[in-house]
Structures are given as structure tokens and as C-alpha cells.
Amino acid sequence: MKHLLGIDDLGAEGIGEVLRLADSFLEVTRRDIPKVPALRGKTVVSMFYEDSTRTRLSFETAAKRLSADTMTFSAGSSSLRKGESLLDTVRTVEAMGIDAIVVRHKSSGVPQRIAGWIDASIVNAGDGWHEHPTQALLDAFTLRRHRGDSFAGMKVAIVGDVKHSRVARSNVKALSALGAEVTLVGPPTLMPPNLEGWPVKISYDLDVVLPTTDVLYVLRIQRERQQEALFPSLREYAARYGVTSERLARLPADALIMHPGPTNRGVEIDALVADDPRSVINEQVANGVAVRMAVLYMLLGSGEGRAA
Amino acid sequence: MKHLLGIDDLGAEGIGEVLRLADSFLEVTRRDIPKVPALRGKTVVSMFYEDSTRTRLSFETAAKRLSADTMTFSAGSSSLRKGESLLDTVRTVEAMGIDAIVVRHKSSGVPQRIAGWIDASIVNAGDGWHEHPTQALLDAFTLRRHRGDSFAGMKVAIVGDVKHSRVARSNVKALSALGAEVTLVGPPTLMPPNLEGWPVKISYDLDVVLPTTDVLYVLRIQRERQQEALFPSLREYAARYGVTSERLARLPADALIMHPGPTNRGVEIDALVADDPRSVINEQVANGVAVRMAVLYMLLGSGEGRAA
Amino acid sequence: MKHLLGIDDLGAEGIGEVLRLADSFLEVTRRDIPKVPALRGKTVVSMFYEDSTRTRLSFETAAKRLSADTMTFSAGSSSLRKGESLLDTVRTVEAMGIDAIVVRHKSSGVPQRIAGWIDASIVNAGDGWHEHPTQALLDAFTLRRHRGDSFAGMKVAIVGDVKHSRVARSNVKALSALGAEVTLVGPPTLMPPNLEGWPVKISYDLDVVLPTTDVLYVLRIQRERQQEALFPSLREYAARYGVTSERLARLPADALIMHPGPTNRGVEIDALVADDPRSVINEQVANGVAVRMAVLYMLLGSGEGRAA
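Chains as they are written, first to last, in the working numbering: chain A, 1 to 308; chain B, 1 to 308; chain C, 1 to 308.
Okay, chain A solo, but in the shape it has when bound:
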């Protein structure tokens, strides 16, 4: 595997391989000196054309723990203001001998386009409404740490603004590939217009779905969406789909609560819920480093020097 552009690049088998590899890297991250020399001499560049603290730092941490060199540039501080084209930028970066580029971009398909131009490995760190594959992988990894490999029949409810969510898209693909049953929950205006072929059920009523849910996956509400006609007010949204303490009483006692972060406390999720014992939100973040180590290692590792 050369790139990670979307979940389809992996399939169920590839996902399984990433998750097993992440197990061993999770063990590395818990050591006193949480580093291995696996990618010494490799260089990973973060190209973030959209703000992100958590994803950028997670990838950088992962790369450093593999002993890779890291460099970063964000849209603000680079030649992009000079009107340098994306093509020129990535060709330049590649010509310098960079081994992998981690890209976030607000336009869907940008990582794919870059992968067509150059020989370095491309990791999609989120492109428009399209995909965010490492998020889905770390989510699957987090579930697997709690439930083992038994994804078959697991009932996952993904709640929120599915229409504009790359996290939802990647998770639907990954979780259904692994055998889980995904239900999308939200107001009709926030569902994707064309759901044919998606291996999912749809519900507009969270309260009905909760009692049979094993995993409640709460999406982040983008406050800026409120400008749009199709979005209910935050208050109205919170009343119908916000995950409150009262609502949680309907969720089975052994269910898990997930969120890709950062949470809007009081909007899609109550502060108390984020701290509920069933919440694995902080684990998701911690697992993100191990999963990204696994992805970078799969793309750049020679197979020798393996995490020892």
C-alpha cells in the first residue's frame, strides 16, 4: 500500500492489518521511552490547508515516535499566498526527498489529485466532506480494544450532521466493512441527498434508536452551518438530537459513547455525557497516535527495522 486516501484503499483485510499493527504501537506509546527507530531518516511533511490542532499534533507525535523527521506548513505561512499552485508545491516537496505528505484540505479529492502527481506517499487527513480515514481507523481500533474482533452485528448509531461529515463517511465504510450495522440519525435536512448504496439504516428519531444501540457516535456540529437554511437552530437541534443525561438513560449500560472531537458541550453533547464512564472520547485521542503510527509504518516502513 502506497497511499491512504480513503477507507476503500484498505478493505476489511487492510483495516484488520492496521488495527493489529496499532496494537503493538500502542504498547510502544506506553513505554518509558515511547520511541522506536522504525522510520529513522524518513521525512513526513504536514500540509494543512485547514486549521487543526488535534489531527496535526497527532500525526506529528506519531511520526516522531517512529523517529521520522517532521516538517510542517500551514496555508498562512507558506508560499501559497504567492499564488503558488498546489501542483508546484507538492512537486517541490517531493523533489526535496520527502517520503510522505499528510494533507488536510477543505476541498474533497485534493489528496487523490496529489497522489496522481507524485511518488511520495499521501495520507488523507481530511478532505472536504469526503473522507477522514485515520479517524475511522482510530474509532474502529478503540471499539476493538473494548469489544475484540466481534464487529458482526454491532449496532452503531452515528448522530448529527451526516451530510457535511467526512468522519461519518469514513466510519460508515470502515464499520460496515468490519460487519457492524450502522444507523444514521439526524434531521432529514442534514442527511446526504443520495443514500442509495450506503450500507446503512436511517432514523430521524434518536430516542427510538438509543435503547438498541451498542455504540453511540456523536458528530460535531459545525456552528457555522447555522447560517444555512437547512440547519435548525442550535437550540432546536440540541432539543431533538443533543445527547443529554436524560437521553442517556435510554442507552444500554454497556454501550460506548464516541465523538471525534472537539466537542461543543451543550450543543451536540452535554458536558456530563462527555465525562460519562461509557465515554471513550479521550481514548480515541490516545489511540489516534498508535493508529497513525501504524499507518505511517505501513506506508513507509521497509519491513525490516520493525518496532522491536
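Among the clues, some could well be false.
Stretches of chain C that chain B covers, calculated by requiring three or more beta carbons in the stretch to come under 8 Å of a beta carbon on chain B [to be verified]:
| # | stretch |
| --- | --- |
| 1 | 93 to 99 |
| 2 | 259 to 272 |
Here are a few chain C residues that sit away from chain B, every Cβ distance over 10 Å (derived from the structure) [said to hold, decoys possible]:
| # | residue |
| --- | --- |
| 3 | V45 |
| 4 | D88 |
| 5 | N282 |
Just so you know, these hints were derived from the structure itself, not from any lab. The structure presented is a predicted model; accordingly, all values stated were derived computationally and were not measured. Ideal Cβ positions, reconstructed from N, Cα and C, are used throughout, including at glycine.
Starting from the known structure of chain A, arrange chains B and C on it as the hints suggest.
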């Protein structure tokens, strides 16, 4: 010790420990290869919500010389624009396995609040008008390099806008804990409103204070304060409190001149004064790296692997 | 040699030394683990007061491949907003024990001024319209990889806005020192006002020059120049000096096409031309890392620990 939030966390004994440790790290920084493996595998993140070249680079240099990995984010290039809460940000950073966060924030008390939320070590790199403890430690270290441990009875005059100065607050605490006698000098409008309990003398007349001063500590004037009614004009300020060559004639020949930088030459200090043989301003900067190495080592070092 | 401020610091002999050293570093960059410990423990800071992706990343890559520590600050995220003077900034950086500062600044002469103030090594990464010496060195290195040491009599045409080009200035000096014959080509308004003493020929007609050109060096057009009266419209410029496929038919089959990047495709160079087999534009970028390794090594390397 887990955090360094303010000078009171240390007390006289803790300050002494930092200073002695900094001695050995100062020796490290003068080696041909000025690095020790003391913090290999540790990760230090700089979270600067306020601009700072010198403090950020000084901490990064210190961390790298201890072989720690470093990452940085500033308010502009992060998810902060997304409205991510401080709580979410630091929890995320911690969940990734970061060992220490170096925080600068324009609001007093932010480092303390963060320390209450998470398990990673927090270093206060300046919070509002409150404290800037590593500055006071490097100042004390610089004095100790020149005067030895005899702080008792040392007469220190801190001159300028004491009211808005976290550097002054931390220095008053550190220097008086070590036994020095501190006099605050400046116009009444730039003195803190409530000085009860501060172990200091006050003077509004620099010329009177100078002849009996061992250490002249000149604070930086924030030009933006001029907008405020309580601030005299820069010209008026410079006339009464600016450290000019003429004024320096009153300062004993063996006194020391200090400034936390960057200087406003021609305002609080004349260009010639900054270059006076009694000035130790550049030493302060150099010592800052050794002192920050000592602080990071005290917070994160296991006690084994010690600077060898 | 302590600084690299301009090509004159090197002379023909120094240029030759950089190019020979770069040969061995180019070999390093092609290894599986493209790193050498030559500058372990040295710290290189990038101070970029002007946007640049490629130059900053190229220097950082070079420094990391020599095992130096790197730090970066750009005008936006530093104390520069506080009105800190350049003098204070560089003195601070030096006092921290930094070994080299790589400077880009929009004003000519800034690197020279800094070199006069401090003891650290200064590398000019582009100053105003003045010089960009590492660009000229990587260009010479690229030519040498194709043509060997036989610069004598090599006919180089530098085409474009020579007046505002630091790349042109540095290349004229380097190439003529090595024995090449340089012709500057462009509209009279974009020629430097005073060319006396420059070892060059001038032409206003690219089509006349092309058939006898060994190396066609195309400068980047700065679109913002269009505001100025002396600049023709982009369309007019492209018609007379744009390097199109038709125009290329006049260029000898064994000529080389160079560009410092990033290209404005469709303005000074057609997309197809940039991909012409005679184009060595991507090689220039790749060679840039090896040449910058050579420069940093010459300035900071002890002579021991040499690339092994």
C-alpha cells in the same frame, strides 16, 4: 514537583535546587555538542496564546538540548479559531501522551486552571499580569553567577510599569525569598493598587534610589499602555525613569543592570546603557536556556539518566 | 568561511568547494537513511520575514539530514508584532546559543547587517532585490551535474524581470565567476538601470538569442509587478518573452531549461515546457537540499565528523 505555575511552588529551597541544577546544564550548553539524553522520548508542547519569540525559542532550545521532542502551536494556526475550548485542547494534547505543556496566555490563572484539568506537567511561560516564573529564576541564576549565594541584603531596584508586569511579580517573590531587599520604583499610577503584604519598599524617585542600588532591574514599557489615562507620555516617562547615561553615573560601579527584554531603546533604557559593562542583559538570555533545562528536567526527569 | 551573504564571499574557488562537497551530500540524500551526524548538537534557526515554502523547507531538510536541531519563526508568529527590533531579536537568538541563522528578508542588506552584529553564522536565504546565493549555487551544481566542470564558454540566457530579481544577481555573479557567458534577456524596462561593470550581454529579443543558448534560465514573473508602469501586461510579456513550445523549437536539442520556481505556468513558461525533457526544474529543487547541506556544513562543521 509536578508543575511550575508560580514562584511560590518552589520556595527558597526549590529555587536553590533549580539554580544548582542550572549550573550543571549551563556547563552542558557550553560543550561542543550541547546535548544530553536526559529527556529522550519525552514530548514537550509549546502552547503560546500570545506572541513571543524569545520565550518560545528558549524553551524549545532547552527541550531539544535535553533530547526531548518538541511541538508547537500558536493561537493563529490551530483549532482555536474553530472555537475549540481550552479544556478540550489540553485534554486532547494530554491524551496524545504529551509530558509537559509550556503555556503562555494573556489571562492570569490559565496555567493554574489547566493544571487542575490534566496530568501532564504545566510550565507557566507568562500569564497575564500574574507571573512569569522562569524569567525570575533565570534572573536569580544570573545574579548568583555574579554574586554567589549571598542574596541576603542585596538591594534590588525594579523600575517601571510594575502594575502590569508579571516579571516584576515573579521577581519580587523569588528575590525576597532568597533574602534580597526589593524596592519598586515608578510613577504612582504604575504601581499595583494593593501592595499590602508585598515584601518591598516603594519609591517614586529613581535618582534617589540609584546610589544605594546593587541591581538595577529595568522593566519593559509596553508602548500600548500609552493609550491609558494612567500612563504618562513616553517622553515624560523617559525623562523621569528612563535609564540614561547621565543617570547611570549615580549607580555604583559594581552594580548590575538587568532587563527581561526586548528593550525599547530610548524609552526605558538608552542604547548605550544596554551595552554598559555592568549590563548582563545578554547573559540573562543565555542563562534562560540552562534554567529552563533545569525546570524541565526537574518536572520530567526520572532522576536516572541525569545530565552526565 | 563564517557567513554566506552573497556569491562574492566565495569566489570561483569557494563555489567549486561547495559544489564538490554537495556531490558527497547528494549521495547521502539518496541513501536509505539519508542522514549523517555531521552537525549533531548544532542548532539552525530559520528567520523568514517573507513567505517561502520551498526555501524554508529545503534548508530545514538540509539541516535535519545533517542531524542539526532546527527551529523556525516567521514574522507573523513572533514578537516582531511587539515592535521588537531586528537587533534585539538576533542578539537574543544568538545568546541562546544558536549556531546559524538562515534569514530571508524583503530588504536588501539585512543579512549583512545581522552578520555585523553577532557571532553566529548567517546564511542569506534571499534579501530584497539583492542576492539569493544558495539558489545560484544549486543552479551551478545542477549545471555541473549535466555538463561537468566545463563552464568556460557556456552560453546562459537569463530571461525575465532581471531588475527585481535577486536570483538573477546571484546567478550572474556565480556563473560568470565560473567562466560562463551570461546574456540578460527582457524588455528594457525590466533591466537594471545601471549595468556598467556587470559581466553580461543584453538582449531585448529572446527569439534571436535562443538558437545559440546552452542554458535557458527563466525567471519567475512577480504578478504584483503589473501594477507598475514599467511592466508590460502579462499577455504582452508572455507574447514576447514567454517560453512557449513554438519558441522552444529554436532552442538547441541539448540545451537545458531552468527556473527557480514556483513557475507561473502560462506566463513566463508554458506548462508543456516545464515538463520538456530538457527541463531540469525538479532536479534544481532536489539539488537544493544537497547544496544547502554543503553550505551549512562548510559554515558549522568542525572538519571532523565529516559526512562518512
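Hints, verified against the model:
1. Using a Cβ-Cβ cut-off of 8 Å, 5 residues of the stretch 93 to 99 of chain C lie near chain B, which meets the minimum of three, so the contact claim holds.
2. A count of 0 residues in the stretch 259 to 272 of chain C with a Cβ less than 8 Å from any Cβ of chain B is obtained; the coverage claim is therefore unmet, three being the minimum.
3. Listed as outside the interface, C/V45 is inconsistent with that label: its C-beta sits roughly 7 Å from the nearest C-beta of chain B, within the 10 Å cut-off.
4. Not every Cβ of chain B is farther than 10 Å from the Cβ of C/D88; the closest lies at roughly 4 Å, contradicting the non-interface assignment.
5. Once the 10 Å rule is applied to beta carbons, C/N282 is consistent with being away from chain B; the minimum gap is 29 Å.
Hints 2, 3, 4, counting from the list given before, are not met by this structure.
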